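Undergrad: Chain residues, written in single-letter form:
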Amino acid sequence: MADYDLIIIGSGPAGMTASIYAARANLSVLMLDKLAPGGQIINTNEIQNYTGMGTINGAELAIQMFQHTQELQVAFDYKTVREVKVEDGLKTVFCEEDDAVYTAYAVILCTGTRPRMLGVEHETRYAGNGISWCAICDGAACRGKDVVVVGGGNSAVEESIYLAEIVKSLTIVTMFDLTADPIACDKLRGMENVKIYPYQDVLDFYGEKKLGGIHFKSTETGEENRVACDQVFEYIGLTPTTECFKDLGILNEMGYVKVDAQMATEIPGIFGAGDCVTKNLRQVITACADGAIAAQSAARYVQGMK
Amino acid sequence: MLREVTEDEFRQSVNEGLVLADFFSSTCGPCKMLSFVLADVEKVCGEKVNIMKVDFDKNKKLVEEYEVSGYPTLILMRDGAELKRMSGLQQKPAIIRMIEEA
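In the order they appear, the protein sequences are chains A and B.
Using the working numbering, you'd call the opening residue of the first sequence number 1 and step up by one each time.
Using the working numbering, you'd call the opening residue of the second sequence number 1 and step up by one each time.
Just chain A, same shape as in the assembly (with noise of 0.2 Å):
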């Protein structure tokens, strides 16, 4: 006899909805989530593109579909996963927080992604201390100072734009060159106070107690050069936070959760649902659909069960 029927990991857009679903399917569910309910869309001043919302602050919209979960009575807890085992149809959920242990018929796996890192020297020394990852939490505290973003993305060049509104001096140092939607290239490039380096590799960060500035090369010519500034912003892509899940055979590659139409993985009850998984999409609106298709499957499954 299980713990709950299903067990989501993860309480982001994609973890929520499953819960939601999964709740109106008549299921026990536990949701569990190491740090707080939202994922990435916390880290997102203004969300546009979620039907019906018009333009949302991120970490509201999060605030908004958690209390939907509550709602429902979706139990919560705060619980870092650690690993995930299975035997004889049955899943075992290990979390470090109290070793707590939860079993479960079904498993739905929404974990989401995380920002990458550079790698180079003395990043760690300074992160939090002059880099971040995160521009709607420490940007208003850069006004009037002298600011690096890493990376030419979409993030990065729309978190660029909210930027050089309001910092004195914008230097963006990119591997190649802006990648991200032409309109907002073209608007960033017309910003006064924007300076941009494209085509470089970062070598490493200096300062003293504080961040002093950002070293870098040239990848064309090999010009070396350093930025003073105050701070720098990384937006160079995200990673799958599945490494607890690499011994379940589930992973490709990259580290993305293998699904099909049905959000279902190799493994018989468990699912995958959101920005962990292979897609195409990664939007706060395909998570939500990941996750409500997810917990129908997981229904199906919970209810073959028992």
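Source of the hints: derived by calculation from the structure; they are not laboratory data.
Predicted model only: the values in this text are computed from it and were never measured.
Keep in mind that a hint or two might mislead.
Restraint ranges, calculated between C-beta atoms of paired labels, are given here [as the list claims (entries may be wrong)]:
(1) B:GLU101 to A:GLN73: 26 to 36 Å
(2) A:LYS258 to B:LYS61: 38 to 48 Å
(3) B:ASP40 to A:THR278: 53 to 63 Å
(4) B:GLU67 to A:ASP204: 15 to 25 Å
(5) A:ASP99 to B:GLU67: 29 to 39 Å
In silico lysine-lysine, DSS-like type, Cα no more than 30 Å apart, as pairs [to be verified]:
(6) B:LYS61 to A:LYS34
(7) B:LYS58 to A:LYS209
(8) A:LYS209 to B:LYS60
(9) A:LYS258 to A:LYS306
(10) B:LYS61 to A:LYS210
(11) A:LYS209 to A:LYS168
(12) B:LYS53 to A:LYS210
(13) A:LYS145 to B:LYS61
(14) A:LYS34 to B:LYS53
(15) A:LYS195 to A:LYS168
(16) A:LYS246 to A:LYS306
(17) B:LYS48 to B:LYS84
(18) B:LYS48 to B:LYS58
Glycine residues also receive a C-beta, built at the ideal position from the N, C-alpha and C atoms.
The hints should help you fit chain B onto chain A, whose structure is shown.
TA: Leaving out everything else, chain B in the frame of chain A:
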């Protein structure tokens, strides 16, 4: 008790017993979620610790005095002396453990 404080209110209370200061930015999503987590922390530890939220924009002197450089930042103090500091959104169990070990 979890509440947002002014600089004067902060200074009146910071030297009395165990205090957890939450320095936040009003535009910051992780700061909003940390408030959400702290509301749960208060249910467990509310009698043991005074949780004070400090808006960085309205309290620049405090930000400079406590050398806060990112948001959110939690600073745990006893009778005004800093015991421990955490940067970024934190897990509820980690915050509770920090308070209970103080």
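Undergrad: Would you mind marking each hint as holding or not holding in the structure?
TA: For each hint, the structure was consulted:
{"no.": "1", "hint": "B:GLU101 to A:GLN73: 26 to 36 Å", "result": "holds, 33 Å"}
{"no.": "2", "hint": "A:LYS258 to B:LYS61: 38 to 48 Å", "result": "violated, 54 Å"}
{"no.": "3", "hint": "B:ASP40 to A:THR278: 53 to 63 Å", "result": "violated, 34 Å"}
{"no.": "4", "hint": "B:GLU67 to A:ASP204: 15 to 25 Å", "result": "holds, 24 Å"}
{"no.": "5", "hint": "A:ASP99 to B:GLU67: 29 to 39 Å", "result": "holds, 37 Å"}
{"no.": "6", "hint": "B:LYS61 to A:LYS34", "result": "violated, 33 Å"}
{"no.": "7", "hint": "B:LYS58 to A:LYS209", "result": "holds, 25 Å"}
{"no.": "8", "hint": "A:LYS209 to B:LYS60", "result": "holds, 20 Å"}
{"no.": "9", "hint": "A:LYS258 to A:LYS306", "result": "holds, 26 Å"}
{"no.": "10", "hint": "B:LYS61 to A:LYS210", "result": "holds, 19 Å"}
{"no.": "11", "hint": "A:LYS209 to A:LYS168", "result": "holds, 22 Å"}
{"no.": "12", "hint": "B:LYS53 to A:LYS210", "result": "holds, 25 Å"}
{"no.": "13", "hint": "A:LYS145 to B:LYS61", "result": "holds, 18 Å"}
{"no.": "14", "hint": "A:LYS34 to B:LYS53", "result": "holds, 23 Å"}
{"no.": "15", "hint": "A:LYS195 to A:LYS168", "result": "holds, 12 Å"}
{"no.": "16", "hint": "A:LYS246 to A:LYS306", "result": "holds, 28 Å"}
{"no.": "17", "hint": "B:LYS48 to B:LYS84", "result": "holds, 16 Å"}
{"no.": "18", "hint": "B:LYS48 to B:LYS58", "result": "holds, 27 Å"}
In summary, the numbered hints that this structure violates are 2, 3 and 6.
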